[in-house]
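Asker: The residues making up each chain are set out below.
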Amino acid sequence: MAEFSTPTTEQQFAENFAQLKPVMNRTEALYESSRCLFCFDAPCIKACPSGIDIPQFIRQINSGNDTGAARTIYEANYFGNACGKVCPTEVLCEGACVYNLQEVKPIEIGRLQSFATTKVIKSGEKLFGPGTDNGKKVAVIGAGPAGISAACELRSLGYGVDVFEAKAQPSGLTVYGVAPYKITNEETLAEMAYLQAQFGYNVHFNSAISSREELEKLEDKYDAIFLGIGLGKTNELGLPGEDKINCTGAVEFIAELRQHQHKVAVGRRVIVLGGGNTAMDAASESSRLGAENVILAYRRAKEEMGAYEFEYDLAKGVGVKGMFNVAPVEITGNGYVSGVKFIRTETKDGKVSEIAGSEFVEPCDMVIKATGQAKQTEFLSLIPGLKLDGKGRIIANAHTGQTSNPKYFASGDAWNGGAEVVNAAAEAKLTARGIHAYLSK
Amino acid sequence: MPDLSINFAGIKSPNPFWLASAPPTNSGYQVMKAFDAGWGGAVWKTLGVPVVNVSSRYGGVNYRDKRLVGFNNIELISDRPLSHNLREIEEVKKRFPNHAVIASLMVQSRQEWHDIVRQSQDAGADGFELNFGCPHGMCERGMGSAVGQEPKVLQMIVEWVMEVAQKPVIVKLTPNITDITEPAMAARRAGADAISLINTIQSIVGVDLDQYAPYPIVDGKGTNGGYCGPAVKPIALNMVKNCAQHPDIKLPISGIGGIENWRDAVEHILLGASSVQVCTAVMHFGFGIIREMTSGLEQYMVEKGFHTIDQMVGKALPNVLHWEDLNMKYKVTANINEDKCIGCQLCYTACEDGAHQAIKLNAGTRVPEIIEENCVGCNLCSLVCPVEQCITMERTDDGTQHVTWKERTEAGDIPTEFEDEQAGGRHHWVPEPSAALGKERHKTLPGKARVINGETKVPTEA
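Quick mapping for you: the protein sequence lines, in order, are chains A and B.
Per my numbering, residue 1 is the first one in the first sequence, and the count goes up by one each step.
Per my numbering, residue 442 is the first one in the second sequence, and the count goes up by one each step.
Simulated from the structure, these hints should not be mistaken for lab results.
Errors might be hidden in some of the hints.
Below, simulated DSSO-like cross-link-like pairs (lysine-lysine); rule was C-alpha separation at most 30 Å, straight line [stated by the list, open to error]:
hint: 1; chain 1: B; residue 1: LYS801; chain 2: A; residue 2: LYS21
hint: 2; chain 1: B; residue 1: LYS801; chain 2: A; residue 2: LYS105
hint: 3; chain 1: B; residue 1: LYS507; chain 2: A; residue 2: LYS105
hint: 4; chain 1: B; residue 1: LYS880; chain 2: A; residue 2: LYS46
hint: 5; chain 1: A; residue 1: LYS46; chain 2: B; residue 2: LYS781
hint: 6; chain 1: A; residue 1: LYS46; chain 2: B; residue 2: LYS801
hint: 7; chain 1: A; residue 1: LYS119; chain 2: B; residue 2: LYS507
Work out the full structure, taking the sequences as your base and the hints as a guide.
Answerer: Structure, rendered in structure tokens:
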């Protein structure tokens, strides 16, 4: 019996994908903010990659200065609202809250943060604006958390900014990749509209930059180029049968889900391959779409999964079953997926080895591969002198984001290899300052 | 089981918890409901001259998410016809003969006082409380606190009342005066049987930031009201103590001010009250709070071995001294229980910025450390610590010496130079002023620190 019935309307979809961190009302915000201790040198701030002055904004909410709270948040992080909802707060700010040590529930920092930012987004009250025009221009490739954050910061420093985005909507994985129960499309896009209205950067949608000629045009026209291109498609596993119908990548599956919601069909028996946070999301989402049976298959032991514990708990909570120490060897089926052939594995001294003769077929009608995203190395090779590390990540100065091609700067997943929205937002702010320092020489 | 009943200046009551003269005692309906719920007595909402009230009468003080830690009102005495009130007093007494019903009174002339005392007596009131405390509305008409602030007038009126009263007379005092014992002594001189205190404190509980007017707002304007609620308890306790310790007063005291649970009541009793009165807490939570109050009081009495309320009255008074009589050789030092510490560092910043720079932070741990030689034993860290029993104040003198300021003065041994051993002696350890500059800048400006002056570096730990 499925945990959820298959949603067929927008409302049913919203119910199945109910927000994990719904926006607080004023009373709840008052009560929750009253609990904050206002720690000295607060651990929550240190745990936040963007260094938001959390005790300050909570105190501002508590004294009825919600606008000031939003300003505090946005001063440190342009994705303030999105981060409040999608950040793994359990392992960041809220995980660092001193209440944990007292076995008291930590302050719901993420929800308080979104409370304040939602309020200004709704009212449209402008908190920031572009700086005085300095006559210089920067091109930003990619309108994800890195690109948009860089655009905001660069505009505040007086640069003209053009953002080039391959897709039709801004915010990158926030609208195309995050699980729908973490943030809604409306919330994501409202924050993007709010930022653009304040900072006035240009975004060119459906404008992929993919050739050397296009890059050359940018190099001629702009004083610097910011790379916020993120990662690419789901890695191919190289398994026989991987091309069968209903064998899909998690990133692609989630992007479909975010855009088409209840119109996305999921199998009855779904196998998700992988042990990271995206695998957890894809498994949870399959279950919430009404799949009767969702198996999370991981080639190592449960304890070795890369996913946060709370993400696995979340998946278990909606009926996902874990299957560990199994490696896929073949996707079976005749045109359509009918199962996955696994071989059992064991982990010894940190090394995974297959147990000969232990193959078995687990039947299913859909396979979702959540086995990591490929780097966009082909595109990056078009940039002269741009160096990548052994894992295909852009090499850049840790404090300025400047790459080995001095005109190019980077932030976000393409640089860090794949992290949270908050990391991209924080890095992009640093990198924008790096661009400013470079162009001010 | 301990006996909770009291005999307060001749007024008997099944327990020491009375409702104060206020909106909860506005009618027979409310008083009967209260007695039914378990209250021992009620001081009826003040009977007196005809009044009219304004709409919008109460204002509150909220602290963070806690509502009504303070409360004020600009309501006047009973606006119900005297005959109705008297009839209902009679009904209540018939139904509850063993409960205390006290008529609170406020009129002007001698004749009016005589009349109203007689009428209340005839209605069956067990005693009278003379309202010399109301600090708004009535005082402008020469009543309430206008009387309480003039001991001579107070004495005269009490004497008028004593001329006809056949039941005990309690004089209710206003705290809006420099020395509460002055009117208390006047009451004693006039022959009153008891005093009750405190009435409300003149107050403005808040200002509306949009209308630029004080709460409660009446058509865009406001006025001072009478302050009460949990916030006034410390003021009330001090005044109760002042009256209880005064050698020339020696009257039973009904304690009023900030009582909302058994603990508050016991504090009033330990400082000399032999009955207690409650209003704000009932206005906030209803009559039902009495169940917790009686149960808590009983439990406390069982634990402490008290059989009667009388055994507790004034039990703390011998320990309330003047400052000059305190032992200056007594020394406590803060002690942080590392296992309990959650690392909020509120003690650090409180001591660093608000006290004596006697707590330091060490690299690699969030647990602060007490600098024992700098600690003056002020208690601040233990007061701000959010974890119970995490910071304790431990006695560090050997307990053998006892010297008071009074003794030093009498011995001609008062200091002629600044050399207080509690503050580091002659070599006072306060840091150089300039050592403060920039010390914690990166910690107090965390969100912005990363972008200040174009810096892009994340601040590193000191």
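Asker: Hints numbered earlier in the text: which of these fail when held up against the supplied structure?
Answerer: 1
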